[in-house]
Amino acid sequence: MPFTAKSGKFNAKINTVEIGTGDKAIKMGGENVLPFYTFDDAIENAPKVGIEITDGGVAAEPECIQKCYEGCESVVDMAKKAASFEGVDFLSVRLEGGDPNGQNKPTEELIQLVKDIADAVDVPLVICGSKNVEKDSELLDKAAAALEGRNALILAAKEENYKTIGASAGLAYKQVVGAESAVDINLAKQLNVLLTQLGVDGKNVVMNIGTAAAGYGFEYVVSTMDRIKAAALQQGDVTLQMPIITPVASEVWGVKEAMASEADMPEWGCQEERGIDMEIETAAAVLASGSNAVILRHPESVKTIKTLVSELV
Amino acid sequence: MALKGLDIFKLSPKKNCKECGSPTCMAFSMKVAQGAVSVDACPYFSEDAKAQLNEATAPPMKTIKVGAGDSEMVLGGETVLFRHEKTFVNKTRYAVSLCNCMDDAAIEAKLAEIPKVDYERIGERMFVEMVYVNYCADAGKEKYLDLVKKAEGLGRVLILGCTDPDVAKEALELVKAGKPVLNGANASNYEAMSAVATAAGVVLGVQGADANELYDTVAALEKLGNKNLLIDCGVNSVKEAYAIAVQFRKAAIKDSDRTCGYPSIVRVDQLAKGNAHLQAALVSLFTMKYGSIVVLEQMTYAEALPLYGLRQNVFTDPQKPMKVEPGIYPLNGADENSICVTTVDFALTYFVVSGELERSGVPLNLIINDAGGLSVLTSWAAGKFSAGSIAKFFQEQDIEGKLKSRKLIIPGKVAVLKGELEAKLPGWEIIIAPKEAVQLVKFMKDITA
Ligand code: B12
Ligand code: SF4
Chain S
7 MPFTAKSGKF NAKINTVEIG TGDKAIKMGG ENVLPFYTFD DAIENAPKVG
57 IEITDGGVAA EPECIQKCYE GCESVVDMAK KAASFEGVDF LSVRLEGGDP
107 NGQNKPTEEL IQLVKDIADA VDVPLVICGS KNVEKDSELL DKAAAALEGR
157 NALILAAKEE NYKTIGASAG LAYKQVVGAE SAVDINLAKQ LNVLLTQLGV
207 DGKNVVMNIG TAAAGYGFEY VVSTMDRIKA AALQQGDVTL QMPIITPVAS
257 EVWGVKEAMA SEADMPEWGC QEERGIDMEI ETAAAVLASG SNAVILRHPE
307 SVKTIKTLVS ELV
Chain R
834 MALKGLDIFK LSPKKNCKEC GSPTCMAFSM KVAQGAVSVD ACPYFSEDAK
884 AQLNEATAPP MKTIKVGAGD SEMVLGGETV LFRHEKTFVN KTRYAVSLCN
934 CMDDAAIEAK LAEIPKVDYE RIGERMFVEM VYVNYCADAG KEKYLDLVKK
984 AEGLGRVLIL GCTDPDVAKE ALELVKAGKP VLNGANASNY EAMSAVATAA
1034 GVVLGVQGAD ANELYDTVAA LEKLGNKNLL IDCGVNSVKE AYAIAVQFRK
1084 AAIKDSDRTC GYPSIVRVDQ LAKGNAHLQA ALVSLFTMKY GSIVVLEQMT
1134 YAEALPLYGL RQNVFTDPQK PMKVEPGIYP LNGADENSIC VTTVDFALTY
1184 FVVSGELERS GVPLNLIIND AGGLSVLTSW AAGKFSAGSI AKFFQEQDIE
1234 GKLKSRKLII PGKVAVLKGE LEAKLPGWEI IIAPKEAVQL VKFMKDITA
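Respectively, the protein sequence lines represent chains S and R.
Everything in the first sequence is counted per our numbering, starting at 7 for the first residue and increasing by one.
Everything in the second sequence is counted per our numbering, starting at 834 for the first residue and increasing by one.
The set of hints was computed from the structure by calculation and includes no laboratory data.
Fair warning: this is a prediction, and the values are worked out from it, not measured in the lab.
A couple of the hints might just be wrong.
What the hints assert, rightly or not - Taking lysine to aspartate or glutamate pairs in the EDC-like style, the calculated list, with each CA pair at most 20 angstroms apart, reads: (1) Lys1246/R / Asp270/S; (2) Lys12/S / Asp1090/R; (3) Lys949/R / Asp270/S; (4) Lys1246/R / Glu76/S; (5) Lys1251/R / Asp47/S; (6) Lys12/S / Asp979/R; (7) Lys1268/R / Glu102/S; (8) Lys1072/R / Asp47/S; (9) Lys12/S / Asp1049/R; (10) Lys1268/R / Glu67/S; (11) Lys111/S / Glu76/S; (12) Lys12/S / Asp1043/R; (13) Lys87/S / Asp125/S; (14) Lys883/R / Glu1055/R; (15) Lys1278/R / Asp1168/R; (16) Lys15/S / Asp1090/R; (17) Lys949/R / Glu273/S; (18) Lys15/S / Glu1073/R.
Work out the full structure: start from the sequences and follow the hints.
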């Protein structure tokens, strides 16, 4: 008697959301099965892998990543190089320097940079804010305007600033709206509902449900994603059928395992390897929990996760 | 799977003799189904019927023990597919593989390397718990037996990867006291392998060319009476191994197919094909989705640090938050005049921060607030780590009476608290630390220099 598995294919499915334009445009979501469960049904759009750079340029990268950008004089050079690495599906630009508690760079300067990068690369773009909710209202509003026609993902609108960012990115400039919440299914749902009430098309929203590095409260991330996918697929909850994108890089390159120098922790060995593996293992785990895209920083991590995805889908 | 009263009645003696205290066999069967009485209350149920009942009420996934003495480990026994449904009970175990086909230098290097990863993280010892010793016929039996002995010297639970029953038998003679796993039953050798494993009292790993053959071989072994098994997810491809790991677990837990209800073993060392970074991705994937044992080609600190952290997170009980006792923790020989550092009572935060503070060597008093066992930003966002709550805690604990220092270092992630804290704790100098604990050693040294 052969093994007969019951199919775990659902009637509901995750929305398909496209970002970018032309040949390089990518599609996220669209599946009606759990992560990588190709034995239940075909997965049309494999999870996507993005690379992250910041307005701080090469100097702002961890030392081990700087060497991958050798010869890049400007952030635009860096963007071009990043977009060319093996396995890169999209480019994510984090406008970290805009944070008023940090460098507090003027909005105009950062938006000019966004425009210059957009002119230099043809891959889909994801624009991340400064993590300061007030500044991001302004920054992401202007970024959405500057990228009109590029079908970029604006990451992200939060509960505190969704009105401005949702209206700008979703309604005025027809970009894809990112919805960021804090590792809680109800918060994720609520923000999606608020955005749709504002008039944003729910089929044009991608969620960042929050994340952590492996080992740092990561169990909540796993369970939140598991529960969101169950609600979306099993219960057919349309307010949670948005694809999930997870910015892994901005979490993992801050923890000790990735940051401690080899001089400090000689038995741990090469720091670069530790950073890469922290990034790879965290990314693989969020993909296994249902992320439809991850944002990474080290070109080697990008390549590896791309390989993992192509082995599985 | 719960049995219905009617199913039990079908197996009952149907004597209606009332000796069990119930008026009829039917009434008795209903009570058994509800779990109100044990079948043993009836003296007339046949042994066969009882065995059938036990079988039907057993948990969907077997709990399998491997290793002996202090090294004994429990695998499987899971009752849910997702940790939020209840909890995962038996964590994934990691093995590193050796083969008699490797040259001597490579073997020695690996034997020396395996014990290197060994550290503690929040009260849990993190190390390579198992060693997989693969048999390659071309390299000869003698070398294999020799390697098995050497591997045993590491004191880890062994997995003998061997499909030749005669060689397996000889190898088990050497190491069976340690309760290793014998991985190597397949469609063509399973009877002999089962006899060897049973004689040695060890768990048998089952392999198959595909999911169907694997399933059939497990079923055939069960028929022989061997239910001390592991499911090898195979080495054909990542996709197939993942399909087997997920589908077998699902079939066992959701559809009560007990033939699928055994712990799994995943040969990532083979699936990664020498790509160390892909191996890292795969071991993470199979820790998330249903590897009971994952075999690696090597375990470096780079791979281990995120991996064991991930495992610790995923296998933690969601009903029990991990927290430490609030209060003053003097570190590095601190006295009442030593500088104060404060943070929250989340066990992970305490573990990370106190570790770094100890490394700095600077004497200090670490004041752990009552923040509901939450991380710095979580408790801050939840209003449990605010200037008000810190000031209140200082008062309740009589910090000012117990300590003379009036310098307080606060976590960089809550730098915003500075102003308000200065107002609520008059006389204290509030110092903002960096955001990450890893920056603490340098910071503490600089500030006290
Ligand atoms: C897991 C998690 C949860 C878990 C809680 C787990 C727990 N025990 O804390 C749950 C799901 C319950 C949760 C809930 C909430 N969360 Co939460 N959560 C997280 C998450 C993903 C990880 C937190 C974690 O475990 N970190 C690991 C520990 C070790 O970090 P840590 O304590 O900060 O310690 C580090 C540093 O601060 C430093 N450090 C600590 N002390 C000290 C001291 C000194 C001197 C120094 C130098 C350094 C230092 O060392 C550590 C390592 O470097 C974070 C996002 C993230 N990636 O951080 C969000 C996050 C903290 N949560 C957030 C929010 C908003 C919430 C909620 C308020 C959401 C809501 N509205 O319901 C609730 C509040 C809880 C409640 N009401 O009870 C936000 C906070 C936003 C902000 N900036 O204020 C975050 C940042 C997510 C986000 N991006 O929005 N959360
Ligand atoms: S003792 Fe057994 S046989 Fe007699 S009535 Fe009870 S169940 Fe039936």
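* **Given hint Asp125/S paired with Lys87/S - CA-CA distance at most 20 angstroms** => The hint holds at about 14 angstroms.
* To do: Compare the distance between the alpha carbons of Lys1072/R and Asp47/S with 20 angstroms, and conclude whether the hinted pair is satisfied.
  => Distance of about 13 angstroms is within 20 angstroms: holds.
* Asked: Does the alpha-carbon distance linking Lys949/R and Asp270/S stay inside the 20 angstroms limit?
  -> Since the Cα atoms of Lys949/R and Asp270/S sit roughly 17 angstroms apart, the hinted pair holds (cutoff 20 angstroms).
* **Pairwise hint evaluation, Asp1049/R against Lys12/S, where the allowed Cα distance is 20 angstroms at most** => With a Cα-Cα distance of about 17 angstroms, the restraint between Lys12/S and Asp1049/R holds, given a limit of 20 angstroms.
* Would the pair Lys15/S and Glu1073/R pass a check requiring their Cα atoms to be no farther apart than 20 angstroms? -> With a Cα-Cα distance of about 18 angstroms, the restraint between Lys15/S and Glu1073/R holds, given a limit of 20 angstroms.
* Pair hint outcome, Lys883/R versus Glu1055/R [Cα-Cα no greater than 20 angstroms] -> Within the cut-off at roughly 18 angstroms; holds.
* Does the structure keep Lys12/S and Asp979/R at a Cα separation of 20 angstroms or less? -> Given pair Lys12/S, Asp979/R is violated - Cα atoms ~45 angstroms apart, limit 20 angstroms.
* Asked: Does Lys1268/R pair with Glu67/S here, judged by a C-alpha cut-off of 20 angstroms?
  -> Roughly 17 angstroms separates the two Cα atoms, so the pair holds.
* Assess, step by step, whether the Cα of Lys1246/R is no farther than 20 angstroms from the Cα of Asp270/S, and give holds or violated. => 23 angstroms, violated
* Between Lys949/R and Glu273/S, is the straight-line Cα distance small enough, at 20 angstroms or below? -> 8 angstroms, holds
* Proposed proximity, Asp1043/R with Lys12/S (alpha carbon, max 20 angstroms) -> 17 angstroms, holds
* Lys12/S paired with Asp1090/R [C-alpha distance capped at 20 angstroms] -> 11 angstroms, holds
The structure fails to meet hints 1, 4, 5, 6, 11 from the earlier list, while all remaining hints are met.
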